[in-house]
Amino acid sequence: MITASPAPLDQTTDARLAMVRPLFGAGISLGAANPLGALPDPFPQERACLSPSAVEKRHREFAAGRAAAHRAMQDLGRAPCPIVIAKSRAPIWPAGLTGSITHTRSCALAAVASTLTRRAIGIDVEEDTPLKDDLRPAICSAREQDWLTSQDNPGQMAKLIFSAKEAAYKCQYTVSEQFFGFDGMELEIEPEDVSETVRRGRFVAAFTADRPPFRTGARINGAYVIGEGIIFTAASLEA
9 MITASPAPLD QTTDARLAMV RPLFGAGISL GAANPLGALP DPFPQERACL SPSAVEKRHR
69 EFAAGRAAAH RAMQDLGRAP CPIVIAKSRA PIWPAGLTGS ITHTRSCALA AVASTLTRRA
129 IGIDVEEDTP LKDDLRPAIC SAREQDWLTS QDNPGQMAKL IFSAKEAAYK CQYTVSEQFF
189 GFDGMELEIE PEDVSETVRR GRFVAAFTAD RPPFRTGARI NGAYVIGEGI IFTAASLEA
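Sequence positions in the sequence shown follow my numbering and run 9 to 247.
Don't read these hints as lab results, they were simulated from the structure.
Possibly wrong hints are sitting among the right ones.
Stated by the list, open to error - Pairs of lysine to aspartate or glutamate residues, derived as EDC-like cross-links and limited to a Cα-Cα distance of at most 20 Å, are as follows:
(1) Lys95 to Glu174
(2) Lys140 to Glu174
(3) Lys140 to Glu152
(4) Lys65 to Glu134
(5) Lys95 to Glu185
(6) Lys140 to Asp154
(7) Lys65 to Glu135
(8) Lys65 to Asp49
(9) Lys65 to Asp18
Claimed, not checked - Here are the in silico distance ranges between beta carbons for each label pair:
(10) Ala56 to Ala103: 17 to 25 Å
(11) Arg227 to Gly189: 16 to 24 Å
(12) His67 to Ala226: 16 to 24 Å
(13) Asp218 to His67: 36 to 44 Å
(14) Ala56 to Pro220: 32 to 40 Å
(15) Pro60 to Ala214: 38 to 46 Å
(16) Asp141 to Pro220: 31 to 39 Å
(17) Asp18 to Asp83: 17 to 25 Å
(18) Ser149 to Pro199: 15 to 23 Å
(19) Lys95 to Pro60: 12 to 20 Å
(20) Ala26 to Glu246: 32 to 40 Å
(21) Ala226 to Ala62: 35 to 43 Å
(22) Ala46 to Asp83: 14 to 22 Å
(23) Gly35 to Ile100: 14 to 22 Å
Positions of the beta carbon are idealized from the N, C-alpha and C atoms, including for glycine.
Can you make the complete structure from the sequences, with help from the hints?
This is how it looks when you write it as structure tokens:
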């Protein structure tokens, strides 16, 4: 059901939001919503971004992403406003803000910051399921695949690489406005905290070719957390 006003976060969504918050420093606000729950109706300008043939799942995930973004804007002290889509399919943020939106079938998250403190943000969320073996060569470099062979959960770590590259790509696109594939960056994963329920760590995404203003070897730093049924990654560039 999509409603006219936001519903309280359900227990799972609230737990996921609390889990990802430590990945961000001061100045970045977060919002969350559940595509499977009650959702506020998007602004008319936002609804107009969807294709008339879009299925219900797409409508719900889109509405959840916008609801998460509006909540993040409110948390930052800004009134919610329409967040429409550029030709590149990236969200268009109001003047003075930068951010990122991501969603799965059961989770939508958004991160928003002032352009005075952050140049760009990129986030990605995936269901915590293994990446299919036949997809690894398309996602992972030879060095990344070698690293996976040393892991006790290579399918999950391959999905982490996929997600981290998505987050880093979103972050750089805000600056470069350049498209490229998964071979455009190579990752180093640095686990930091592993418990029975949550795994946390950091990653570095290095450019494998010039993407002005980024040069070959330039790095974007990020962080990740795995738990509550999701893999979440985030990257940002300071202003």
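Hint check, failures only = Those not satisfied are hints 12 and 20.
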